[in-house]
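Line order of the protein sequences matches chains Z and X.
Whatever position you read off the first sequence (first residue = 1), add 18 for this note's numbering.
Whatever position you read off the second sequence (first residue = 1), add 5 for this note's numbering.
Source of the hints: derived by calculation from the structure; they are not laboratory data.
Hints may be right or wrong, so weigh each one.
One-sided excerpt, in silico: chain Z residues whose CB lies under 8 angstroms from chain X [claimed, not checked]:
hint, residue
1, Ala49
2, Val51
3, Arg70
4, Trp74
5, Lys78
6, His125
7, Gly130
8, Leu178
9, Leu251
10, His259
Taking lysine-lysine and the DSS-like style, the derived pairs with C-alpha atoms no more than 30 angstroms apart in a straight line are [unchecked claim]:
hint, chain 1, residue 1, chain 2, residue 2
11, X, Lys755, X, Lys314
12, Z, Lys191, X, Lys367
13, X, Lys281, X, Lys625
14, Z, Lys78, Z, Lys50
15, X, Lys345, Z, Lys85
16, X, Lys641, X, Lys625
17, X, Lys139, X, Lys261
18, X, Lys340, X, Lys290
19, Z, Lys100, X, Lys367
20, X, Lys678, X, Lys314
21, X, Lys345, X, Lys314
22, X, Lys367, Z, Lys160
23, X, Lys560, X, Lys314
24, X, Lys340, Z, Lys50
25, X, Lys281, X, Lys678
26, Z, Lys78, X, Lys367
No experiment lies behind these values; they were computed from the predicted model shown.
For every residue, glycine included, the Cβ atom is placed at its ideal position computed from N, Cα and C.
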Amino acid sequence: MLTRRRFLQLSGAAGALALLPGRARAIGEGAKVQIGQIAHSGSWNPRPSGLRRLAWEVDKRTSIDIKVDPAEVHLSDTDLYKRPFLYLAGDREFPAPSEEDVTRLRHHLQFGGFLLTDSAEGRPWGRFDAAVRALAARLFPKAPLAPVDGEHVVYKSFYLLRNAPGRVLAEDKLEGVTHDGRLVLVHSQNDLAGAWARDNFGQWEFDCFPGGEGQREMAFRVGINIVMYALCLDYKSDQVHVPFILRRRRWQSE
Amino acid sequence: MGERLARLLGADPTQYNDVRLVMHAPWGRLAIVLGVLAAALALGLAAWGYRRLKPWRRIVLITLRTLAIAASLVLFFQPAFQLRWVERLPNHIAILVDQSRSMAVAETQGHETRAARAAAWLRQQSDALERTRKDRRTDFYTFGEALVPAAEADLAAESHAPDGDATKLREALTALRQRYAGRDLGGVVVISDGVDNGRFAEARTQKGPLDVEAVEFLRGLGAPVHTVWVGRPGLHDIAVSAVLADDFAFVRTAVKVEAIVRAHGYAGQTVTVTLKRDGETVKSKPVSFNSDAGEWRIPFEFTPDRVGKYVYEISTPVLPGEALASNNARSFVLKVIRDKIRVLQVCGRPSWDERFLRSMLKRDPNVDLISFFILRTPTDLQMAPQSELSLIQFPTRELFEEELKSFDIIILQNFNYGPYYVGQYLPRVREYVESGGALAMIGGDLAFGSGGYAHSPLAEVLPVELGDDTVAPERMLSLEEFRPRLSPTGRVHPITALSLEGRENGERWNALPPLEGLNLVRRARPQAQVLLEHPFLRGEGGQPLPVLAIGEVGKGRSLALLTDTAWRWGFWAAHAGGPNADGRAFQRFWENAIRWLIQDPSQRLLHVQTDAAEYARGAKVRIDVRLLGPDYQPQKRGAVSVVVAGAGGEVVMQRSGQVDGEGEFHLELVPPKAGAYRVVARAQAGGRPLEEGEVFLVRAEGRELEDVAARDDLLRALASATGASFSDGSIDMEKLAFLDSEAVRVGRRKDVEVWSGAWVFFMAVALLSMEWALRRRLGYV
Numbered sequence: 019m020l021t022r023r024r025f026l027q028l029s030g031a032a033g034a035l036a037l038l039p040g041r042a043r044a045i046g047e048g049a050k051v052q053i054g055q056i057a058h059s060g061s062w063n064p065r066p067s068g069l070r071r072l073a074w075e076v077d078k079r080t081s082i083d084i085k086v087d088p089a090e091v092h093l094s095d096t097d098l099y100k101r102p103f104l105y106l107a108g109d110r111e112f113p114a115p116s117e118e119d120v121t122r123l124r125h126h127l128q129f130g131g132f133l134l135t136d137s138a139e140g141r142p143w144g145r146f147d148a149a150v151r152a153l154a155a156r157l158f159p160k161a162p163l164a165p166v167d168g169e170h171v172v173y174k175s176f177y178l179l180r181n182a183p184g185r186v187l188a189e190d191k192l193e194g195v196t197h198d199g200r201l202v203l204v205h206s207q208n209d210l211a212g213a214w215a216r217d218n219f220g221q222w223e224f225d226c227f228p229g230g231e232g233q234r235e236m237a238f239r240v241g242i243n244i245v246m247y248a249l250c251l252d253y254k255s256d257q258v259h260v261p262f263i264l265r266r267r268r269w270q271s272e
Numbered sequence: 006m007g008e009r010l011a012r013l014l015g016a017d018p019t020q021y022n023d024v025r026l027v028m029h030a031p032w033g034r035l036a037i038v039l040g041v042l043a044a045a046l047a048l049g050l051a052a053w054g055y056r057r058l059k060p061w062r063r064i065v066l067i068t069l070r071t072l073a074i075a076a077s078l079v080l081f082f083q084p085a086f087q088l089r090w091v092e093r094l095p096n097h098i099a100i101l102v103d104q105s106r107s108m109a110v111a112e113t114q115g116h117e118t119r120a121a122r123a124a125a126w127l128r129q130q131s132d133a134l135e136r137t138r139k140d141r142r143t144d145f146y147t148f149g150e151a152l153v154p155a156a157e158a159d160l161a162a163e164s165h166a167p168d169g170d171a172t173k174l175r176e177a178l179t180a181l182r183q184r185y186a187g188r189d190l191g192g193v194v195v196i197s198d199g200v201d202n203g204r205f206a207e208a209r210t211q212k213g214p215l216d217v218e219a220v221e222f223l224r225g226l227g228a229p230v231h232t233v234w235v236g237r238p239g240l241h242d243i244a245v246s247a248v249l250a251d252d253f254a255f256v257r258t259a260v261k262v263e264a265i266v267r268a269h270g271y272a273g274q275t276v277t278v279t280l281k282r283d284g285e286t287v288k289s290k291p292v293s294f295n296s297d298a299g300e301w302r303i304p305f306e307f308t309p310d311r312v313g314k315y316v317y318e319i320s321t322p323v324l325p326g327e328a329l330a331s332n333n334a335r336s337f338v339l340k341v342i343r344d345k346i347r348v349l350q351v352c353g354r355p356s357w358d359e360r361f362l363r364s365m366l367k368r369d370p371n372v373d374l375i376s377f378f379i380l381r382t383p384t385d386l387q388m389a390p391q392s393e394l395s396l397i398q399f400p401t402r403e404l405f406e407e408e409l410k411s412f413d414i415i416i417l418q419n420f421n422y423g424p425y426y427v428g429q430y431l432p433r434v435r436e437y438v439e440s441g442g443a444l445a446m447i448g449g450d451l452a453f454g455s456g457g458y459a460h461s462p463l464a465e466v467l468p469v470e471l472g473d474d475t476v477a478p479e480r481m482l483s484l485e486e487f488r489p490r491l492s493p494t495g496r497v498h499p500i501t502a503l504s505l506e507g508r509e510n511g512e513r514w515n516a517l518p519p520l521e522g523l524n525l526v527r528r529a530r531p532q533a534q535v536l537l538e539h540p541f542l543r544g545e546g547g548q549p550l551p552v553l554a555i556g557e558v559g560k561g562r563s564l565a566l567l568t569d570t571a572w573r574w575g576f577w578a579a580h581a582g583g584p585n586a587d588g589r590a591f592q593r594f595w596e597n598a599i600r601w602l603i604q605d606p607s608q609r610l611l612h613v614q615t616d617a618a619e620y621a622r623g624a625k626v627r628i629d630v631r632l633l634g635p636d637y638q639p640q641k642r643g644a645v646s647v648v649v650a651g652a653g654g655e656v657v658m659q660r661s662g663q664v665d666g667e668g669e670f671h672l673e674l675v676p677p678k679a680g681a682y683r684v685v686a687r688a689q690a691g692g693r694p695l696e697e698g699e700v701f702l703v704r705a706e707g708r709e710l711e712d713v714a715a716r717d718d719l720l721r722a723l724a725s726a727t728g729a730s731f732s733d734g735s736i737d738m739e740k741l742a743f744l745d746s747e748a749v750r751v752g753r754r755k756d757v758e759v760w761s762g763a764w765v766f767f768m769a770v771a772l773l774s775m776e777w778a779l780r781r782r783l784g785y786v
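For reference, chain Z alone in the conformation it holds in the complex (with noise of 0.2 angstroms):
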């Protein structure tokens, strides 16, 4: 588990390295991974600065090219497909989106697209999670909502995890639905971008209770690593991954 001292010190280490020089970065705007996070008619975007927040951290920790703000994308928009990474956050119930955008959602979603939602609510099933499992169950009938097995290997894209802590650790594991081999919705009831947040001062806009501030770390690892996962699947699941992970995994046990 990680300290509150140690977190202090991978933190000062970061802020160094963050004065490094840039990197050259990918051909075109068009080339970086951009998150679009979808507006509904209700309350959208309970975290205003969380998905920013995901993005400089993955940015800074990764080697993904990604766009630190996020797009805004509707259900209804006809190019909906020019962000395969879609978010959907809410903290309280947002209306059924119609039968034409829950088509589309579901071909962006089939033919390679990704959906993480993220419950606000800070309580486990909430009305929002009412409405995500309603949107699931017809995007997908015959794939519900499930809970994310810890072996799953979303839990190990990049950092090695044990649950999926946000701001709250209303649910321990992470749920989604699975669709010809590969999740295609991660859905948290942990408000992850509640974890994320940081006002323009540089403070965190919320605490994360129970764990405090290496709560809060793990609510990034779990964000890199599901953006980790919708970039490069089950990538870490290969052979060649394999013995390193189990022994590192021995490691953590010890």
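Since the structure of chain Z is provided, determine the placement of chain X on it from the hints.
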């Protein structure tokens, strides 16, 4: 016997040498049967009537009655002794001489061969044969693969060197039996070394050289089979007698073959058994002969690293004094096919382009994908100790040194080699491509010039000329959005065939979403082919800059895709509607590209193949050449040249000609000798020279020389089963027992009738009278 009987019957024994009993009665068969039955009935009734008499009276009366009936039967049948002068016609003796190759062996080098011993024995028997000629006709044959009539003089003079590729003695005896069907075969003499590889070899059991069925067969011949063994102990020979191998193997999958080595006379020696492919040693193993004669099984395991048809050879050195050198090596053809296409995908950073390519490759059941992605660069923040990360060291040595040759394709996707110490391996990657591998470089800010490849070894194998790498990386990139155009070559090339129909293919390409960003290069290499070109950016020389270019490098191929947004051909296109709404354009493009890169036979323009992989000596080899045009349609006109060369490079046939209307060119040849041959066909398509090869093997000597150790056990068993004699060549023909002739000629004859004498009649009457008188005296009448 005949003469004594003739004298008894009062005839001159010099005139008659044979007597036999004949019947003169004119009765038919039925009357004869009825007569015998009547006699038996009369005798039975008498016995019945006398059953209560005292024994001695009964015996006397029945004896009298029996004699009387016998006398009556003589009168009834009218028998006679036929005196004859009989002469026997000569029957046939077949002498079979082994003419198989093993007969050319001399157990000790420089000494007498087995064939020479056989000829010498025949010469020794010439006088004896001459003497028996009036009683027997001697017919000569050779046998090996088949029974062939021969002349005694040729055999005795050893006129023909043994050349049979097999010894099929049972098959020869079967043919002999058929040849003498209805004729009088008095016996057979087989002269052989006892090396058999026909049906008798199959009949060998643990109990002996012949099973029950084989013994029955021999007895059914109805003639003795004398055997003369001309082999001798003390053979010195090593033979690779067999190779147990499958016809095909999978590339990069371990293959097991087993060589069976038979050795005689080299106890205590150790030799090296070597497996070679096309003359190059693949593996070798020592084998120690711990007994004077035996069989050793030598397993070889190796991993073919390339697809194709290859001639392998397993051989042993020829030791001093070996009886035969030609059986020390055995070749076989192994067709190496691809189980899965092994792809190495190395990516400089996770991206949508990487994600969709990986997804497509992982889904393809024909692809074995090894991915390695750089998830964190040296300049990225390290927010966690290594133990909390799933990151592993970049296994550069394993990928680019140990496993390099195992890959069918290496995809470097937006990958800069510099920070990862891969530069030291790039010469190897270049060699890998030049020697038949495939390289695809996919664009991005870490690829081509901006990836630092301009002066790297890979620059020489890419189909594009990279620009000056002293300029800022950004100047090596164009950030604009564009729609690539199909070049004239791209319109007909299989890589860019999203549809088989030309016009539809063009429509599909035009309807694809635009790409964004391009790696700038000077131009395509002169020998390269540009399939997709930029609509407005021009390279040095004024030609449109390539977006997709391909090239042949030595035996290998390379592909350059100078953008990192090709994934849009799949995901974007699926949503944009139009002819690509099935979202399969990206997949189809890469499937085509992979097939081309691995030189899939279906994408070759020139095909050459033989009608078999292995041939017997003297068999006709048919070679079919097929020439396709750049559009993959049969080329209706075009020159083709074909060269067939032996393993040593000696040209055995060279032909040139025009393909027919179907784009085909056929030729046949009979290779002059055993061994491996390589066919090389050359032609041109679309101005490009094409060359394709094929190999075939002409088998050396069937199974004959697998084991040349002479064996006497089969010949002993043959003789024993037919009641004949076995010898090692020391016996004379005259001492061999043969069946007498069944065919006779009758010179004169004379019948001496038994029944015509009056005494027979009087004896019958007297006997009946005596019986009547006796019965009367005893009071039974």
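> Hint by hint, which ones does the structure fall short of?
Replying inline: Structure breaks hints 3, 4, 11, 15, 17, 24.
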